[in-house]
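Engineer: Each chain is listed here by its residues.
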Amino acid sequence: MNIFESTAAWFTAEGAWAGAGGIIQRTTEHLGYSALVLLIAALIAFPLGLLVGHTGKGENLVVALTGALRALPTLGLLTLFALWLGLGLTAPIAALVILAISPLLAGVYAGIAAVDPITVDAARAQGMTEWQILSRVEIPLALPLIFGGIRNAALQVIATVTIVAYINLGGLGRFLIDGLAVRDYSRMVGAVLLVAALALLVDLLLAGLQRLTTPAGTS
Amino acid sequence: MNWLSSNLDYVAQLAALHVLQALIPLVAGTLIALPLARLAVGRRRDGRSTELSTTAGKVRRATVINSAALLYTIPSLALFVLMPLILGTSITSLLNVYVALSLYVLAMMVRSSVDAFESVSPITLEAATAMGYTPVRRFWMVELPLAIPVMVAGLRVALVSNISMVSVGAVIGIQSLGTLFTDGLRRNIPAEIIVGIVGTVLLALVLDRVLAALGAWNTRWRKA
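So the protein sequences, as listed, match chains A and B. So that you can map any letter, position 84 of the first sequence is 84 in our numbering, and since no number is skipped, the others follow by simple counting. So that you can map any letter, position 56 of the second sequence is 56 in our numbering, and since no number is skipped, the others follow by simple counting.
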């Protein structure tokens, strides 16, 4: 039996999908961790990005911060936090939030900063308050870049959640790590195929959402 | 610090492996991306861009850019694991990392090389044509040098992301600075992990500076 057949066999084996430790449970865990991470990261990155983009203050700080965060190795943070905080959910969530902040912040900040200042001045001349300018002019016009940041962050988080299995948590990485431990190559291949499919699916969903929410005239 | 001073050789060896796994794909991926990107831009013989004028040009450009973007949605760890299937290598072979990361660099550099070639003014190219440059000579002497600044910006992003992706290979047993993370966790040595994190960030900062300096040196006319 070659690897393609054995991977197919792994997918179709009895109990592969349903039940404890099945594909459905692991996928749900994977999506749950990812959603939680993205939510927390968004709560930090969005207000900061909107503030800096709107006021233009602290731009250098944001550029430096996003660059530095991108260079931090997530596996390193994950293992370090696991040693410090123990093997709970806190360690991986904290490590992954740090990973996700960078693309979200970059997208929100760049999106708002890229709005034509003339448009903003026009809105101000119409008598809009700063809050109205931000919520009715700048954010809608920035949506393509903001969505770019969200899709980027989602891809990175879904890919990287795979390694939380390394510190004994669930998610699709479980199959990868367990498969590696017993040299079950078909299980490892099955795991990475599932992660790749999940990443692609979520990206497609977000792309669709982007299309629905982007105002006409902006691309 | 004690841990570092007594394991300096080990860390240096892992750092060297890390640099190798980040740089070889950077070069290989870029060398493949350049011709693809140049093809996607599509110029007429006199240097004018055809991209916006013909449907075929638009389709070609969109195909190259979108297929590159699709590649980017595959997680790095997934590619490391799938590579042995395609290459027939063992799972811990460095070749898996070389090929997998080359694909990412390819994906990123196709996009930024298209931007780079499109940033070159068609008027400049027409001027070169008028001065008697053949298309080949015009590419090497005018178009490519003028595309360098935008290209270097893309290369720097690819380099930093390569350096952080290399460490993920440690999860499946490929040696790099990432090995300090897995080993530090297993043996409960926070110092080892911290050395790995600081080392990875330093590596990214230093190589990024070197790349920026190389780019500046190759475009000295900008300061003249």
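Hint data in this document are derived by calculation from the structure and do not stem from the laboratory. Any given hint might turn out to be false.
Partial pick of chain A residues on the chain B-facing surface, computed with a CB cut under 7 Å [unchecked claim]:
1. Ile3
2. Arg70
3. Ala71
4. Leu75
5. Gly76
6. Thr79
7. Leu80
8. Thr162
9. Ile163
10. Leu180
11. Val182
12. Met188
13. Val195
14. Ala197
15. Leu201
16. Asp203
Okay, derived cross-link-like pairs now, SDA-like style, lysine to any residue, Cα gap no bigger than 25 Å in a straight line [as the list claims (entries may be wrong)]:
17. B/Lys58 to A/Ala113
18. B/Lys58 to A/Gly56
19. B/Lys58 to A/Thr214
20. B/Lys58 to A/Gly208
21. B/Lys58 to A/Leu204
22. B/Lys58 to A/Gln210
23. B/Lys58 to A/Pro144
24. B/Lys58 to A/Arg211
25. B/Lys58 to A/Gly148
26. B/Lys58 to A/Lys57
27. A/Lys57 to A/Ile24
28. B/Lys58 to A/Ala207
Per label pair, the in silico range of CB-to-CB distance [to be verified]:
29. B/Val157 to A/Ala122: 30 to 38 Å
30. B/Lys58 to A/Pro117: 26 to 34 Å
31. B/Arg186 to A/Ser6: 23 to 31 Å
32. B/Ser121 to A/Leu205: 54 to 62 Å
33. B/Arg186 to A/Leu89: 17 to 25 Å
Backbone N, C-alpha and C define an ideal beta-carbon position, used for all residues, glycine too.
Engineer: Hints first: check each against the structure and report whether it holds.
Structural biologist: Results of checking the hints against the structure:
1. Restraint check, A/Ile3 versus chain B: the minimum CB separation of about 6 Å is within 7 Å; hint holds.
2. Contact between A/Arg70 and chain B, as hinted, is supported at the beta carbon level, the nearest pair being about 6 Å apart and thus within 7 Å.
3. For the restraint placing A/Ala71 at the interface with chain B, the shortest Cβ-Cβ distance is roughly 4 Å, inside the 7 Å limit, so the hint holds.
4. Proximity of A/Leu75 to chain B holds as hinted, the smallest CB-CB distance being about 5 Å (cut-off 7 Å).
5. Restraint check, A/Gly76 versus chain B: the minimum CB separation of about 4 Å is within 7 Å; hint holds.
6. Restraint check, A/Thr79 versus chain B: the minimum CB separation of about 4 Å is within 7 Å; hint holds.
7. Residue-level restraint check for A/Leu80 holds (minimum Cβ-Cβ distance to chain B is 4 Å; threshold 7 Å).
8. Restraint check, A/Thr162 versus chain B: the minimum CB separation of about 5 Å is within 7 Å; hint holds.
9. The criterion of a C-beta within 7 Å of any C-beta in chain B is met by A/Ile163, whose closest approach is roughly 6 Å, and the hint holds.
10. Nearest Cβ of chain B to the Cβ of A/Leu180: about 6 Å, under the 7 Å cut. The hint holds.
11. At its closest, the beta carbon of A/Val182 sits 13 Å from a beta carbon of chain B; the interface hint therefore is violated under the 7 Å criterion.
12. At its closest, the beta carbon of A/Met188 sits 5 Å from a beta carbon of chain B; the interface hint therefore holds under the 7 Å criterion.
13. Hint on A/Val195 holds. Least Cβ distance to chain B is approximately 5 Å, under the 7 Å limit.
14. Using the Cβ-Cβ criterion of 7 Å, the hint placing A/Ala197 at the interface with chain B is not satisfied: the shortest such distance is roughly 10 Å.
15. A least Cβ separation of about 10 Å between A/Leu201 and chain B goes past the 7 Å threshold, and the interface hint is therefore violated.
16. Restraint check, A/Asp203 versus chain B: the minimum CB separation of about 5 Å is within 7 Å; hint holds.
17. At roughly 29 Å between alpha-carbon atoms, B/Lys58 and A/Ala113 are farther apart than 25 Å, so this suggested pair is violated.
18. Annotation: proposed proximity of B/Lys58 to A/Gly56 is violated, straight-line Cα distance about 36 Å (limit 25 Å).
19. A hinted pair counts as satisfied when its Cα atoms are at most 25 Å apart, and B/Lys58 with A/Thr214 qualifies at roughly 23 Å.
20. Between B/Lys58 and A/Gly208 the alpha-carbon distance is near 22 Å, which keeps this suggested pair within the 25 Å criterion.
21. Restraint check: the Cα-Cα separation between B/Lys58 and A/Leu204 comes to about 22 Å, which is no more than 25 Å; the hinted pair holds.
22. A threshold of 25 Å between alpha carbons decides the hint, and for B/Lys58 with A/Gln210 the separation of about 23 Å falls inside it, so the pair holds.
23. About 21 Å separates the Cα atoms of B/Lys58 and A/Pro144, which keeps this hinted pair within 25 Å; it holds.
24. For a cut-off of 25 Å, the pair hint linking B/Lys58 to A/Arg211 stands: about 21 Å separates their Cα positions.
25. Annotation: proposed proximity of B/Lys58 to A/Gly148 holds, straight-line Cα distance about 22 Å (limit 25 Å).
26. For the suggested pair B/Lys58 and A/Lys57, the alpha carbons sit about 39 Å apart, so the restraint of at most 25 Å is broken.
27. The hinted pair formed by A/Lys57 and A/Ile24 fails the criterion: a straight-line CA distance of about 46 Å is larger than 25 Å.
28. Distance check on the hinted pair: B/Lys58 and A/Ala207 sit about 21 Å apart at the alpha-carbon level, within 25 Å; holds.
29. Separated by about 34 Å at the C-beta atoms, B/Val157 and A/Ala122 satisfy the suggested range of 30 to 38 Å.
30. In this structure the hint that B/Lys58 and A/Pro117 lie 26 to 34 Å apart at CB holds, the actual value being about 31 Å.
31. For the pair B/Arg186 and A/Ser6, the beta carbons lie near 29 Å from each other, so the given range of 23 to 31 Å is met.
32. Hint check: B/Ser121 to A/Leu205, Cβ distance near 40 Å, so the stated range 54 to 62 Å is violated.
33. Separation of B/Arg186 from A/Leu89 is about 21 Å and conforms to the stated range, judged on CB atoms against 17 to 25 Å.
Hint violations for this structure: numbers 11, 14, 15, 17, 18, 26, 27, 32, all remaining hints satisfied.
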